[in-house]
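Starting from the two chains in their separate frames, assemble the complex, guided by the hints.
Below, each chain spelled out in residue letters.
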Amino acid sequence: MDQAIEAARLRQYIEHQSGALLSTMRYYLYRAGLSGRDLPLEAAARDLLNEVVAEALAHESRYDPDADPRAWLLGIAANLVKRRQQDLARRQQREPLIRDLHPGIEASMSDDELFDWLADIAETAPDALETRQDVNQLLAAVSSDDAHIVRLAVMNGLDGESLAAKLGVTPGAARVRLHRALIRLRQAHQQQKDIDDG
Amino acid sequence: MMARVDKQKLQREKQLFAYSSALQQGDFDTVARILQAAEHDPLLADMLAEINVVYERELPSLTPMVNHSSNHYEEKLNMTASVTVVPHRPLASSRPRLSITLLAAMLAVSLLGGIMLFMRPNTSPNIQAGAAPTASPSVTVTATLIPTASPVGANDGVVNHQIVTINTGSPDIRLTVRAEPSLSAHIVTTLPDGHIAALVAYSDDGQWARIILSDGSTGWVIRDMLSPDPNLFVPTIIPAPTIIGVVPIDPSSPLAQLTPANPVLCEGVIGNVPAFVFSRPSTSGVVVDTIQYSEVLQIGDEEYNPVTNVSWYYVGHGWVMAEAFTVLNNCPPVNLAAVSVDQADVETTQQAQLTGVPFVPTVPPPPSLIPTPTAYLNSRIGDGQFSAITLRPVGEIPSGTLVKSPLPTIREKSGFIR
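Residue numbers (the numbering used here), protein chains in the order written: chain A, 1 to 198; chain B, 1 to 418.
If we strip away everything but chain B, and leave its shape as in the complex, we get (with noise of 0.2 Å):
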């Protein structure tokens, strides 16, 4: 029998269920009205500071970018080189003609990446359990029939692709890329006037288009900003394949260069953006698949590159991150003996183990990468924007200093720039 709520805790509960609701809305005045709670209540304090580190230890894996925390750069700009399919256009010129090798080379990609879709498993497992490896390496195609012509769940069928640009009209303005096809959905990115994309689906009302993004995800747009016409776009649904049991594989393919399935190791829950799926236990390999947010895989394999420090699991048609993975059911902790693991990182590993998640150690940025409030001011004077002044520290320049600043925000609101 449960024991009775305690009142304050479910509080507690309730205000942190709030913050990670506001956070995945984008919703920061919930997030700063239970910040302010939070700063009367110590025990909630460290509870939000539990969840930010969860979220944050994801953070790496939704997206690409120059993280000095983290001894993944390398790997995660090879991984990100090897998907890109849409250049930026440089602005200084007029709308270019696209180039026909341009044109072709992504005609190709997005063939490839059709053919894979058409390939891929679904969530449904495709490791057989005790199977035994077989000479002729082989999988199991499964894919689920869409039911609508409309294709903007997880689970569409493959389209075709059109090549469109965007046309914001003006070089300032960005397009905003959204999860789904609403405003109020979660901004995805937003992509420069004039950037390339693929097309490959409209909204039921027709108002937004769904786009290929340079990860090789997708996201929505709001259709008039694309160019040409997409009215001369029909977008021509092939329904996704049924199940049609087991295809060899020709020994030529890269598919077949794979590690045979294993008999099922444990499974594994993808996070919250599409997870590359490669050739080989690396980036350097070839994207053979993307898989959706929240698809339950089956892991028949786990191998640990030392050299990138990275874990990887076989999925069945290709090896997987393990960051990308939020939940790992029952899987053997990876050995990470080689690893040093900074003293500070200790209770992190800990949960690693308990939780099978492997944890990679991180690097702390070098001193002078963490700004520091004299470093502020002393680059932003630095950087030829401000003249006539003597350089002081933060929180020193006397009240009334006229300065050029180049962050109206603080000059206005704080008043600490005047």
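One chain only, chain A, in its complex shape (with noise of 0.2 Å):
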């Protein structure tokens, strides 16, 4: 009976919440570059959103009530997304032969190990990023902007709430400027990486 009335929640979510799931589809199969291949974004976003609800349903005796449902949904995007990059992957066959001539494509810092380093400045001496050579010579490699926003998301403990009040813009806004800097920034690192190796 509960699981009865947790599957009418999920599917009344689903349909008040279409509008911001396919929205977020949309960006989804964007990034993924799956767009506008066999149809366009909008039609492909409205696709997956068919294929993840029919999914959900299929296997809502799996979900978790106490599970936030936009994230299990998503998940399920994911997921979808990821298995279409999988067949579109292997329909491109003669790619991965170009990829033994870019040995070198991997970044050098993953996202953690990026990520730590700065929270081990922000924990231990956020003035370190005035004082220590390698970290200012990093950040003169990105631009003003985003040196600025890395020094004050350091300086804020690496708060997404703290940076976003710094700025003057919402959580979200800050955070994904802040991540866009240190993508930008863990490039920078990999380019002198790169001339340091010669």
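Derived by calculation from the structure, the hints in this document are not laboratory data. All the pointers check out, no bait thrown in.
One side only, chain A facing chain B, incomplete, derived with CB under 10 Å: (1) ARG26; (2) ARG70; (3) ALA71; (4) ARG84; (5) ASP111; (6) ASP112; (7) PHE115; (8) ALA119; (9) GLY172; (10) ARG177; (11) LEU182.
Given the structure is predicted, the values throughout are model-derived calculations rather than measurements. A virtual CB, placed ideally from N, CA and C, is assigned to each residue, including glycine.
Here is the structure:
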């Protein structure tokens, strides 16, 4: 009985949130490079939403009523997107041959490594951004805007809410700006490493 | 002195960064993993939703599409149409001969693009603070000299163009276009076999070719997929110009119709893709330039177009749509008093007032356009690909019902239709 109620709640959530879910899936498809292939982005997003809904309803008994339904549904979407990417990669079998020509394409610093490095600075010595030569050298390699954001974030313990308050924007917007700055920082680090390695 | 970092909070921030980074790289394995973690962390789920909203809001300016939730649809179609230079070849015929007219038109567009690139300013401000408007409009031409003979960055010099045809060997196979000459680079789009494009450069290793896309931006494709033999083409790099000072503009030129440069009003940063610069604050104007991702521009004026409901910023040599900017620093809010705001968008409007980024209210799609589980099967069944089945809502088809499904993923993976 409880399960039936939860299933009904899940269906109700899907009905009410289909617009928001569609919007996120549209962005997922865009980032996955899966738009404009067989379908335009809008149609591809609708198709993905339909598939997510079908999967969710088929497996609604597995839905944990304590779980966040949005995260659960988007998780299904992410897995479906991943599957489509794999299908696409299988169809483009000639491309992996070229990968051998670019052995160094993987980033030298993972997301975790980069974030942990900054978190360590934030926790132990936030003023290291001004005194450590390696940090200064890295920040000098990105734009002043990016360096400013990173400095602010570290000084505020990498807390998105505090950064948002400093910047006068929403936490989501502040985090997006910080994440983009960090991604460019990592690229700069990779370039420096390539130069150092000759 | 900074307060001690909250470990749990820090872990969430780390996951949020991993989510953003994974999205940028198209790594949906990581995206799924973080979403799974968010299922039982409502705070993380909310934070992810906030980030999604920011990204989604940028999407309409990233790619032309049919956007039922935006009242910019016609505006975007106009913009796309005004810069499309590479028509799609019909698939039915064998590889066609490029018409003289089309070739001439494309070369003219390429030449015009080259001229515009030559005349465009660099990221350096070209609006002189406090400069008094003069009777004869003028621009300061600046650019960056490229260091190598293999352009790959945003500040490339102008190169010669050659018209090429994409040859995947089959009408069913599309060619992947990437942002960088690497298989790990983000996929920008795909192009069909027979698509015509302008080749502008090769990668350092010679394996990749850079082409101009239909929206005026560029992307990288595997060189072997181009026809005629791209070996016939040797890109000649014309060094980008150095700063040469103030250039008077011919009064008959479209550039002369621009608003004279005002003192600097504020600054903005362009978003994820090249933005178009129009000769006037409307997509009906001439595209005079494209501006690359993350360029910082000084803004001299702003204008709100109540007809199209779009705000525009003057960047010294033309006008850029407000939504092309990801960051606007200290820009006064554009007057949107005439725009009605839906109650559900109040929070977004407040954010717009904080950030200075003009908010354009969206029109929700009519209910019939939002797919529902029931609509899904009904529409699929109703398209003639199903037969001998009674229409039922999703979830109510009896197990074992035989259905000829055009979507094998559902049939195979969910067991929903068997």
